Amino acid sequence: MTDTLSQLSLLLIIGAIAIYAAAFVTFALDLARRRSPSVTVISAVARHAEAETPTSTTRLANAIGNTGVLVRQSTTSADAHEERPQTSGVLRAAFVLTLVGFGLHLGADVLRGIAAGRVPWANMWEFSMTGTLIIVGVFLLVTLKYDLRFLGTFVIGLVLLLLGIASARYYVPVAPLPPALQSYWLVIHVIVAIIATGFFALGFALSGVQLLKARRERQETDARPPQFAFLRTLPKWAALENLAYRMNIVGFILWTFTLIAGAIWAEKAWGRYWGWDTKEVWTFIIWVLYAGYIHARATRGWRGSRSAWLALIGFSAVMFNFGIVNVFFKGLHSYSGL
Amino acid sequence: MTRSTERIDAEPTERTPTAVSQPRLGIIGWGRWAWRQLTSMRTALFLLLLLALAAVPGSLFPQRTADPNGVVQYFKENPGLAPILDKFQVFDAYTSFWFSSIYLLLFLSLIGCVLPRTVHHLRAIRTAPPRTPARLSRMPGFIALDLNDDGKATGSAVTAPDAIAAARSLLRRRGYRVAVFEGAQTKDSTELSVSAERGYLREAGNLVFHIALLGILITVGIGGGFGYNGNRVVVEGQTMINTLAAYDSFNPGRFFTDAELSPYSIRLDKLAVTYETQNKDARGLPTDYTATVTARTQDSRNGYKTTIKVNEPLNIGGTNVYLLGNGYAPHITVRDPRGHVVFSDFVPFLPQDSNLTSLGVVKVPDGLQQQIGMMGFFYPTKAVAQNGAFYSSYPDVKAPMLTLNVYSGDLGLNGGVPRSVYTLDTSRLKQLTGVSTGVKSIELAPGYSQQLPDGLGSVSLDGVSRFASFQVNHDPAQGWVLLFTVCAFGGLLTSLFVPRRRLWVKAIGQASGPLRLEYAGLARGDDPQLETVVETLAQNHIEALRNRDPGASDGRHPEEDTRRTT
Ligand code: HEM
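These protein sequences, in sequence, are chains A and B.
Using this note's numbering, read the first sequence as starting at 1 and increasing by one per residue.
Using this note's numbering, read the second sequence as starting at 1001 and increasing by one per residue.
There's no promise every hint is true.
[As the list claims (entries may be wrong)] Only pairs whose alpha carbons sit at most 25 Å apart, straight line, appear in this in silico PhoX-like list of lysine-lysine:
no. : chain 1 : residue 1 : chain 2 : residue 2
1   : B       : K1280     : B       : K1363
2   : B       : K1430     : B       : K1363
3   : B       : K1430     : B       : K1440
4   : A       : K279      : A       : K268
5   : B       : K1363     : B       : K1440
6   : B       : K1440     : B       : K1309
7   : B       : K1440     : A       : K268
8   : B       : K1363     : A       : K268
9   : A       : K236      : A       : K145
10  : B       : K1270     : B       : K1440
11  : A       : K279      : B       : K1440
12  : A       : K268      : B       : K1430
[As the list claims (entries may be wrong)] Some chain A residues judged to face chain B by a derived CB distance under 10 Å, without partners named:
no. : residue
13  : L10
14  : L11
15  : G89
16  : L104
17  : D222
18  : A269
19  : R272
20  : L289
[As the list claims (entries may be wrong)] To spell it out: a stretch of chain A is covered by chain B in this simulated footprint if at least three of its residues, at any positions, have a beta carbon under 8 Å from a beta carbon of chain B; those stretches are:
no. : stretch
21  : 114-122
22  : 176-184
23  : 235-246
24  : 282-288
Simulated from the structure, these hints should not be mistaken for lab results.
A quick note: this is a predicted structure, and the numbers were derived from the prediction, not measured.
Idealized CB from N, CA, C, for every residue including glycine.
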């Protein structure tokens, strides 16, 4: 029973990897097509859809009715795309592929959990599987609110990379929980850490794109030949930076919670809430780095590219904490199962 | 001062000439300059990043508190480098002078930053929102419209005071603090505006967060100073008493006194361990440890039975008792050649691998011709490798076996130097059994005995019990740490997610022409909703004006709290 389920889980994850790979290629294709100006024309469908949903401006105009005349309304320069984002068929296909991949991935994760008879996040393989699932999940969730599909290449690329490494290096068969992990704090502490990682991943991708975009905008103002044509269709760097900040502060809150929950659990399991164990140290380092990022953004002269670099460093530390500290560093958190 | 101008959303203030332009500073001037540097936002940022960086070495090198054996090992492997690193306290990274100075500076900076901000904020709470900017068109979300309502719908044309009264009550109902201002008045135009602000909680949350961080630092320090923790190995059937002498190792805080040890005792009745037997990928993995104990305190002298498990410590006498380790303690008896018992006890053997191959030491200082020491392994389930070496193939006791190598000579117990019961200093001992001596090591199954070499006597293995390794922890400030942590978390949430913004509505009445209405906002801190909020305000305001019921504009005339702008 356990064996069949976990093998089925493995099959599903292989399927998910294949579909994600297709989604990745399609997302990349979409970015590549953004070079040619011909496709930036808004499709008729999109224009139609826009007319259906009243924008706030039209709502405002309706409210004024015949009572008055709208003299001026400033639109935020920051939120506007340089050119209207097209909803190309390619992009939609990539998005649908991502959804399908996510479905398989979710199935794989749930089956693994059922096979193990517990939450599927107790060793490196399971962290990787659930972690990447959540990264895609957060990406899909945030896309409901902000259209971040242009990040697909980066997000799915990251997920593919992580899943690839995990299936090559981290796979372990289902095993029961060691007594140290038999705690509801495992459920809370770890899943919140993983969700935080999902938000940090999006923030990372946004900050990365922001840096590229800022460079391109500088090239344009300096009348130098601008690089990476696809960037033209993306939001301005200031808008990207706002979005990145929003992702990163959600991640930061969740990470703060992880840190606190970890300390409470450590107090229960090891008799002290803080002992500078390697994993604790890295969790702390990440927390301080992101606190630095938040400060940087509030400091004159640091908003923009400098704080974006801090976000990149922060996420590198998250990945280091996960991929390197878990596996190679000695400490009490030796639960990688490897 | 520096702080508020350095924040990205700070209001532009006219800066008084700074120290730079002053010819002479003097000591006070320098002090003030240094303090201003220390408490600047840039310094805080720098110190934060430095703190992150300084935390790294401690994770790369073994730490004395967490991994003392690792440190010893490191010294052995890097005899040249280790002492130098030790000079820089690399093995005590988190109490080192460099780490401490960074965080102390950071917290000093924090105090210097939070105090003025608190004062500033307390004042801000009590003062009305600042006056409306002269040109709203520069502000985010700016909307201007001409109202050409001729009053047909409502009976009278909307005037500037009407519009402002409506805006004022609208904003107040939404929890904004409001103030009405009179702008430039000319012959043919009057200007009235309402300035509104909300989200004082944002700054309050930020201050609570930073102050709570300070609270955490202080309470952690207090807890460390007055608390203690100790370790004790207890074999099934044995009792540990909470006195200093009973601990195998003990770490008191700086201000610890014996009086803090509350009198209680714990007897380990049984340590039950369950192993996975079904899952072939995880056979022998422990799935549960349960220590059944009898605890006695001053209040319950007869004792009560309870359990201690991993993740479920026992709270007793103001301390927590944790189950941190386990292993086997063979009961070993040594007799002299005439059969008199000279040693008989449980000897805890320390586990070396996941199948609990365990290493232990027996010291017999008295009663035999010579002092002897024995060092050997206990295998709960003995198996033989191809090269003939023993190993344990399963962690439970299925086929137990004890092997011992015997040494004789000076155990070094009389030198006054404390010796660990788990190690044997063989420098002044002669090995009597084992590979190099040609005499076979002693091998014992429970119930068997064997002669010691050189006619020294005999040794027997009488049985095997389990031992538990308990840690006792006392941290008097733990609850406070938690309290401040919760405050910090709450403050953080408030400070990151409560939007703080100003909104303005301006009405310009023209003698000839329509009433001009202007709306704009300003975010203080991140506020993704600002533009939408201004638009919605404009929308609702117009609707309110259209449906207005003259004379019912919340009873107050806007002039009442009007301030004249200069
Ligand atoms: C102990 C070290 C510190 C830590 C861990 C820390 C952490 C944080 C965090 C997490 C935030 C964002 C949450 C919030 O707004 O409440 C923040 C904001 C802030 N911190 Fe700190 N902080 C520290 C020290 C300082 C110091 C020394 C200063 C002053 C120099 C300072 C000034 C500020 C300011 C002004 C903000 C608001 C930023 C904004 O408006 O977005 N902090 N800090």
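Checklist entry - Where does the structure disagree with the numbered hints, that is, which hint numbers, in rising order? => result Structure breaks hints 1, 6, 7, 8, 10, 11, 12, 13, 14, 15, 16, 17 and 21.
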